[in-house]
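J.: Listed below, chain by chain, are the residues.
Protein chains: 2
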Amino acid sequence: MTEDWLNKVNWARDGLVPAIAQEAGTGKVLMVGWMNREALSKTVQSGEAVYWSRSRKKLWRKGEESGHVQRVKSIRLDCDEDVILLEVEQVGGIACHTGRYSCFFRKLDGEQWVVTDPVVKDPRDIYEK
Amino acid sequence: MTEDWLNKVNWARDGLVPAIAQEAGTGKVLMVGWMNREALSKTVQSGEAVYWSRSRKKLWRKGEESGHVQRVKSIRLDCDEDVILLEVEQVGGIACHTGRYSCFFRKLDGEQWVVTDPVVKDPRDIYEK
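If you read the protein sequences in the order shown, they are chains A and B. The opening position of the first sequence corresponds to residue 1 in this note's numbering, with each subsequent residue numbered one higher. The opening position of the second sequence corresponds to residue 1 in this note's numbering, with each subsequent residue numbered one higher.
A few of these clues could be false.
Identical copies look the same in the list; a pair holds intra-copy or inter-copy alike.
[As the list claims (entries may be wrong)] Below, computed lysine-lysine pairings styled on DSSO-like, alpha-carbon distance capped at 30 angstroms: (1) 107 x 42; (2) 107 x 28; (3) 121 x 57; (4) 107 x 8; (5) 8 x 121.
It should be emphasised that the hints constitute simulated quantities derived from the structure, not laboratory data. Remember, it's a predicted structure, so these values are computed and weren't measured experimentally.
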């Protein structure tokens, strides 16, 4: 595999770009993660989303603990070549570590962020085994 | 207007967070811009998307030159409070400075980024008046 397509990406100084995971079919935005070259490369090779965890400073295969992997249907790049858009099938129907369908479960209502989406599964049941 | 809701956002060290513009109705992801406190505040006040231009280092009301403003229908915040999701009505049906509907007009096909979306309007006709 050549790396030309990886070189096309306009990686930031820290080597990362944001990657949006959008659900195939519904078009719902599930989450935003960050990718470096290796994360994107592994995502393409495996067909499942791999991100770079900025907090843990390591590669993170989405769903490695929870089982909520993301099967990647397509990968898009924006005009500035610095944002990636993944079309994914979200296994388990839960993308968020809070046990919700999507990470965007808060909506601005006047001057308040209001939680609009329920917890589908208690995180303790997702992560503690 | 209090600023509690602005303080809830987990602004990065450079004062910015990514903001995704998603088209109301279709759910298509149109673009990703960056916002600082002032950009988000002005977006809420005006009801139209205002971003921070990292290249020009100034606030940028989307559509100020092109007329392709984004009317904001809702604003969401993710679990880590560091990504914003705007639901917008895209005036003119063109979000991208290349004259395309969406900025995500390139798709990975094998080892190549392939342009999948046509130019709707020549950028010279959008920006040169």
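J.: It remains to establish, for every hint, whether it holds in the given structure.
T.: Going through the hints against the structure:
1. Taking the shortest Cα distances, residue 107 and residue 42 sit within 30 angstroms of each other only across copies (17 angstroms), while inside one copy they are farther apart (33 angstroms).
2. Taking the shortest alpha-carbon separations for residue 107 and residue 28, both the intra-copy value of 14 angstroms and the inter-copy value of 19 angstroms come in at or below 30 angstroms.
3. With identical chains, the CA atoms of residue 121 and residue 57 are at most 30 angstroms apart within one copy only, with a shortest distance of 27 angstroms there and 43 angstroms across copies.
4. For the identical chains of this complex, residue 107 and residue 8 are inter-copy neighbours only, at 12 angstroms across copies versus 35 angstroms inside a copy, given an alpha-carbon limit of 30 angstroms.
5. Taking CA atoms no more than 30 angstroms apart as the test, residue 8 paired with residue 121 passes between copies only; the shortest distance there is 25 angstroms, against 39 angstroms inside one copy.
Going down the numbered hints, you'll see the structure goes against none, and every one checks out.
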